[in-house]
Amino acid sequence: MLNPSRADMGLSLLLEQTARSIYDKRGPTDIHPGQWSALRYFARANRKARTVAGLATFLGVTRGPASRATTSLVKHDFLHSEVNPHDGRSPLFTVTEKGQDALKHDPIIRLAHAISDLKKEQRSDLAESLEQLYTSLNE
Amino acid sequence: MKKILVVDDDVFVRESICAVLNVSGYKTIEAGNGEEGVKLIESENPDLAIVDIWMPKVDGLSLLRQVRAENSDLPIIIVSGGGPGETLERATAIADVHSADHVLFKPFEDDELLEMIDKLLA
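Note that the protein sequences, when read in sequence, are chains A and B.
Under our numbering, the letters of the first sequence match residues 1 to 139, in that order.
Under our numbering, the letters of the second sequence match residues 1001 to 1122, in that order.
Since the hints were derived computationally from the structure, they do not count as laboratory data.
For every residue, glycine included, the Cβ atom is placed at its ideal position computed from N, Cα and C.
Be aware that a few hints might be false.
[What the hints assert, rightly or not] Among the chain B residues that face chain A by a calculated CB cut under 7 angstroms, a handful are:
(1) Gly1082
(2) Leu1104
(3) Pro1107
(4) Phe1108
(5) Glu1109
(6) Glu1112
[Claimed, not checked] Derived, one-sided and incomplete: chain A residues facing chain B with beta-carbon distance under 7 angstroms:
(7) Gly10
(8) Asn46
(9) Lys48
(10) Thr57
(11) Phe58
(12) Ala127
Chain A on its own, in the form it takes in the complex (with noise of 0.2 angstroms):
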C-alpha cells in the first residue's frame, strides 16, 4: 500500500484533534468519556433496559468496563440504583438530578451546536464521509 499523501495525514490529524478537542474542557464534573457514554445511554434508554448488560450491549463492550462506569457514576451520585423487578440480580438504574443536570452541559453539546452551524450540504457530506471513514476503519 502506498503511503498516504502529507495532505490526507493532516487531514487526519485534524479530525483526531477535532475529537480530543471535544473534552478538552470537562468542567467542574470531570466525567471521563466512556463515562459520558454511560451517562448518555442510561438517560436515554427505556426502564427494563437501564441495566449494566444494557450498558455493555449498548456499547459492544464486557460486563466488566459496562459495571466499572456505572460503578463510578453511581459513586459520584449521577445514576440511582434500584432493584430490578424482573432480575433481582441485576438492578436498574435511573439518572439523579445531578446527573441530569451534568448531561446539561454535556460536552458532545459543543460539537452538535458546532454541526448544526454548518450548512445543509456541508452536514450531509460530513455524515456520509464519518460513516465512510469508521467502516473502511473497521472492516
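Since the structure of chain A is provided, determine the placement of chain B on it from the hints.
Same frame as chain A, now just chain B:
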C-alpha cells in the same frame, strides 16, 4: 384504524409485537426483512413503522436511509438490541442522523412501546 408496519426477521418477536398492537386497537402488517419492509411502506402506506435494527438483506438502518432519502416523514421506531454488526452506540447515532423518531432498546415493556406510538401518532 391506524396501520402499523412491524419489520423484524424474528417471527416470534414480530408476532408478539403485533399481538400487543392488535389488542390495543391497531391494525398491523408484517415484514421479515428491510427489503419487504420498504415494499410494504410503498404499497400499504402505513401510519408508523417499527423496525428491528439488525436483519438480513436490508437491515433497519438501510430501510431508514431509503425511506428518508425519499423525503418520507413516516414515523419510524427503531428497535435495537445486540447484533453482529456495528456497536449499538454507533447504530443509534446513525439512526439519529437519519431522523429515526425513536430508538427503543431491548428489552422493553409493552407499555413503553405503546406510549411511544401514542405520542408519535397524536
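Open item on the list: The hint names phenylalanine 1108 (chain B) as touching chain A; please verify it with the least Cβ-Cβ distance against 7 angstroms.
Closed with: Hint holds; phenylalanine 1108 (chain B) Cβ to chain A Cβ min 5 angstroms, cut 7 angstroms.
Open item on the list: Restraint: alanine 127 (chain A) near chain B, CB-CB cut 7 angstroms. Satisfied or not?
Closed with: holds, 5 angstroms
- [ ] Let me know if the C-beta of threonine 57 (chain A) comes in closer than 7 angstroms to any C-beta of chain B, holds or violated.
- [x] holds, 4 angstroms
TODO: With chain A as the partner, please determine if proline 1107 (chain B) meets the hint condition of a C-beta pair closer than 7 angstroms.
DONE: holds, 5 angstroms
Task: Hint check, phenylalanine 58 (chain A) versus chain B [nearest Cβ-Cβ separation less than 7 angstroms] - done: holds, 4 angstroms
Open item on the list: Using the nearest Cβ pair, does asparagine 46 (chain A) come within less than 7 angstroms of chain B?
Closed with: This hint holds: asparagine 46 (chain A) lies near chain B, its Cβ roughly 5 angstroms from the closest one there, short of 7 angstroms.
TODO: Verify the interface restraint on glycine 10 (chain A): the C-beta must sit less than 7 angstroms from at least one C-beta of chain B.
DONE: Violated, about 26 angstroms.
Open item on the list: Does glutamate 1112 (chain B) hold up as a contact with chain A if the rule is Cβ-Cβ below 7 angstroms?
Closed with: holds, 5 angstroms
- [ ] Have a go at the glutamate 1109 (chain B) hint: is there a Cβ in chain A nearer than 7 angstroms to its own Cβ?
- [x] holds, 5 angstroms
TODO: Using Cβ atoms only, decide whether glycine 1082 (chain B) comes closer than 7 angstroms to chain A, and label the hint accordingly.
DONE: At about 4 angstroms, which falls below the 7 angstroms cut-off, the nearest Cβ of chain A leaves the hint on glycine 1082 (chain B) intact, so it holds.
Open item on the list: So, as I understand it, the hint says leucine 1104 (chain B) touches chain A; can you test that by seeing if any CB pair is closer than 7 angstroms?
Closed with: Leucine 1104 (chain B) check passes; min Cβ-Cβ to chain A is 6 angstroms, inside 7 angstroms.
Task: Status of the lysine 48 (chain A) interface restraint (C-beta, 7 angstroms, chain B) - done: holds, 5 angstroms
Checked against the numbered hints given earlier, the structure breaks only hint 7 and satisfies all the rest.
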